[in-house]
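Chains as they are written, first to last, in my numbering: chain S, 1 to 372; chain R, 1 to 135.
Just so you know, these hints were derived from the structure itself, not from any lab.
Just so you know, even glycine gets a beta-carbon here, dropped at the ideal spot from N, CA and C.
Check before you lean on any hint, since a few could be wrong.
To be verified - Listed next, the in silico EDC-like pairs over lysine to aspartate or glutamate satisfying Cα-Cα at most 16 Å (straight line): (1) Lys13/R - Glu95/S; (2) Lys6/R - Glu113/S; (3) Lys6/R - Glu95/S; (4) Lys128/R - Glu5/R; (5) Lys13/R - Asp65/S; (6) Lys154/S - Asp65/S.
Said to hold, decoys possible - Per label pair, the in silico range of CB-to-CB distance: (7) Tyr49/R - Asn134/S: 36 to 44 Å; (8) Ser125/S - Lys124/R: 20 to 28 Å; (9) Tyr129/R - Val110/S: 15 to 23 Å; (10) Asp65/S - Leu106/R: 43 to 51 Å; (11) Leu130/R - Val17/S: 24 to 32 Å; (12) Asn164/S - Phe58/R: 35 to 43 Å; (13) Tyr129/R - Ala86/S: 29 to 37 Å; (14) Arg151/S - Ala28/R: 50 to 58 Å; (15) Asn3/R - Ala72/S: 31 to 39 Å; (16) Leu106/R - Arg151/S: 39 to 47 Å; (17) Ser125/S - Tyr49/R: 42 to 50 Å; (18) Lys127/R - Ala220/S: 51 to 59 Å; (19) Phe58/R - Asp109/S: 27 to 35 Å.
Said to hold, decoys possible - Partial selection, computed: residues in chain S whose CB lies under 7 Å from chain R: (20) Tyr94; (21) Val127; (22) Asn130.
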Amino acid sequence: MAGLRCINLKKCYDNNVVAVQGFNLDIKDGEFIVLLGPSGCGKSTALRMIAGLEKITDGELFIGDKLVNTLAPSDRDIAMVFQNYALYGNMTVYENIGFSLTIRHQDTDVIHEKTIKAAEVVELSRVLNNKPANLSGGQRQRVALGRSMVRDAKVFLLDEPLSNLDAKLRNETRRELVKLQRRLGTTFIYVTHDQVEAMTMADRMVIMKDGIIQQIGTPADVYNSPCNMFVAGFIGSPPTNFITGEIKNGSFVSKDLTFPLIEDHKKALSSYENRTVIVGIRPENIRESHVLPVKSNDIISINVKLDVVELLGADMLIHFYLNDKMLTGKVLSSSDFKRDQNVELSVFLRHVHFFDPETTKRIDVGGTLCND
Amino acid sequence: MANGEKLFYQDNKTGYSLVLGFILLNIAATIFTLKSMYIDYNIGIFTLYNIILTLLSFLAAVKLKKYSLNWAIFSLVIGFLQVIRSFRIPELKNSDMKQLIVILMLSSTVLLFLGGITTIAKVKVKKKYLEHKKA
Ligand SMILES: Nc1ncnc2c1ncn2[C@@H]1O[C@H](COP(=O)(O)OP(=O)(O)OP(=O)(O)O)[C@@H](O)[C@H]1O
Ligand SMILES: [Mg+2]
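Looking at chain S on its own, in the form it has when it is part of the complex (with noise of 0.2 Å):
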């Protein structure tokens, strides 16, 4: 087991394309890190870069003490899970899961006992003499999980190991894989494009746009503080509303919204008097009136006229216009709003967060504000 130090990272393919620049990732032993990133991003490349599949144009790649930036993949001591499994259709569970062992000329002794402890560990005992034809999805990935844990790795690099799977069988899988981490005390890196995967299994998140790290944190960090307005958006279902406006007088003031800042929010953005912003609100703090406790400064009520309403179960989408501002608030579904009915709504304005138009960046409440 080892950590794992990315510094400044950069892959550049034959095309001139730069898919990744700028990577740097300091992973400590035993973390569970997910990369996520729209498609295109630089995900797999990144992945493919620490497994010695790409070739790395420019940086330094440490795991553990050693740098290994011209070693070849074998000598690695990681292990990498595709989302295709590529597991051999004509060998059994038993033949698949020790392959990589056969292939070395390993003792048949020291083969078996690793297979099994290995299928013991990924709950595959019973169906070892079956073949891959013969599994489900999720046995089928665990086969494949479980053939990289037989090599002792170091690490393990997982690219969308569940997206071939069906929603439930995913979730199901997803806390299986976290179980399976916890229990190996390995390094797990973990890329997906899918933010519910992302947030409930990682240690830290790595968020990436065009090749380039927007923000690493836990996901309650990059959920409650994103440093920018990509990751605002991106993070949350459904997406942050923004809405372009001025501060004025200890105001945000625009055509769509009006609203006093608070105290906090007011020191912060003294240095923006007159300036424009972006706020950013999230959905869920756009609330029906009638379940809040009190009212206090804390919270602004608007009266809108919904066009828009879609029912998830215990909770509701809203979408209504502000002017000609569509915004999108989630309220539960026991106030059984209907579509053109007009409503009071609150806004939670301690959860807000405001964003610099040029930079994009989050300008920060009294806080500090993530990396660059």
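Chain S is already provided as a structure; the job is to place chain R with the ligands on it using the hints.
Same frame as chain S, now just chain R with the ligands:
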């Protein structure tokens, strides 16, 4: 001796390879024999016998790989026949070859016996494991 659980999951590669070794040595012996045999109707019988023997023992090799007790016993039978054959080598033009051919045939028999016997032993261990597992 190997443990039964391992045998349950892994193929019997030893038995398989030993019988393959038998086939190779027997083919070598056949070629040397044919080379110095007198041409009469015996040569047809001899050739036919060896073709069938090769096919059957290859079948046995594959079956041994999957721990077949019957085929393990059958391979011992082939082994006995092989011993008898090595004392009844057809008349040769070149009698110097005789010694080489006998050595080849006997050593092929040794491989076959080893393959059959180890397989029978493994089948027993495996059976015990499976019974134990059921209980
Ligand atoms: N072999 C290649 N040659 C040239 N460009 C490539 C190559 N592989 C990937 N790219 C480009 O690099 C960028 C990053 O690709 P990458 O596969 O890392 O994205 P990703 O974040 O894994 O996306 P997804 O979520 O869809 O898997 C993309 O713009 C892609 O077009
Ligand atoms: Mg990818």
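These are the hints, each one checked on the structure:
1. Lys13/R - Glu95/S: Holds, because 13 Å separates the two Cα atoms, which is no more than 16 Å.
2. Lys6/R - Glu113/S: Cα-Cα ~8 Å, so holds.
3. Lys6/R - Glu95/S: 12 Å, holds
4. Lys128/R - Glu5/R: Since the Cα atoms of Lys128/R and Glu5/R sit roughly 10 Å apart, the hinted pair holds (cutoff 16 Å).
5. Lys13/R - Asp65/S: 41 Å, violated
6. Lys154/S - Asp65/S: 12 Å, holds
7. Tyr49/R - Asn134/S: 36 to 44 Å: 42 Å, holds
8. Ser125/S - Lys124/R: 20 to 28 Å: Holds, at about 24 Å.
9. Tyr129/R - Val110/S: 15 to 23 Å: At roughly 19 Å between Cβ atoms, Val110/S and Tyr129/R fall inside 15 to 23 Å, so the hint holds.
10. Asp65/S - Leu106/R: 43 to 51 Å: At 60 Å between Cβs, range violated.
11. Leu130/R - Val17/S: 24 to 32 Å: 57 Å, violated
12. Asn164/S - Phe58/R: 35 to 43 Å: The hint (35 to 43 Å, Cβ to Cβ) holds, given that Asn164/S and Phe58/R are roughly 40 Å apart.
13. Tyr129/R - Ala86/S: 29 to 37 Å: The hint (29 to 37 Å, Cβ to Cβ) holds, given that Tyr129/R and Ala86/S are roughly 32 Å apart.
14. Arg151/S - Ala28/R: 50 to 58 Å: 41 Å, violated
15. Asn3/R - Ala72/S: 31 to 39 Å: 35 Å, holds
16. Leu106/R - Arg151/S: 39 to 47 Å: Taking Cβ atoms as reference, Leu106/R and Arg151/S lie about 45 Å apart, which means the hint holds.
17. Ser125/S - Tyr49/R: 42 to 50 Å: 48 Å, holds
18. Lys127/R - Ala220/S: 51 to 59 Å: 57 Å, holds
19. Phe58/R - Asp109/S: 27 to 35 Å: 28 Å, holds
20. Tyr94: 4 Å, holds
21. Val127: For Val127/S, the interface hint is violated, since the closest Cβ of chain R sits about 11 Å away, which is over 7 Å.
22. Asn130: Nearest chain R Cβ about 11 Å off; hint violated.
Checked against the numbered hints above, the structure breaks hints 5, 10, 11, 14, 21 and 22 and satisfies the rest.
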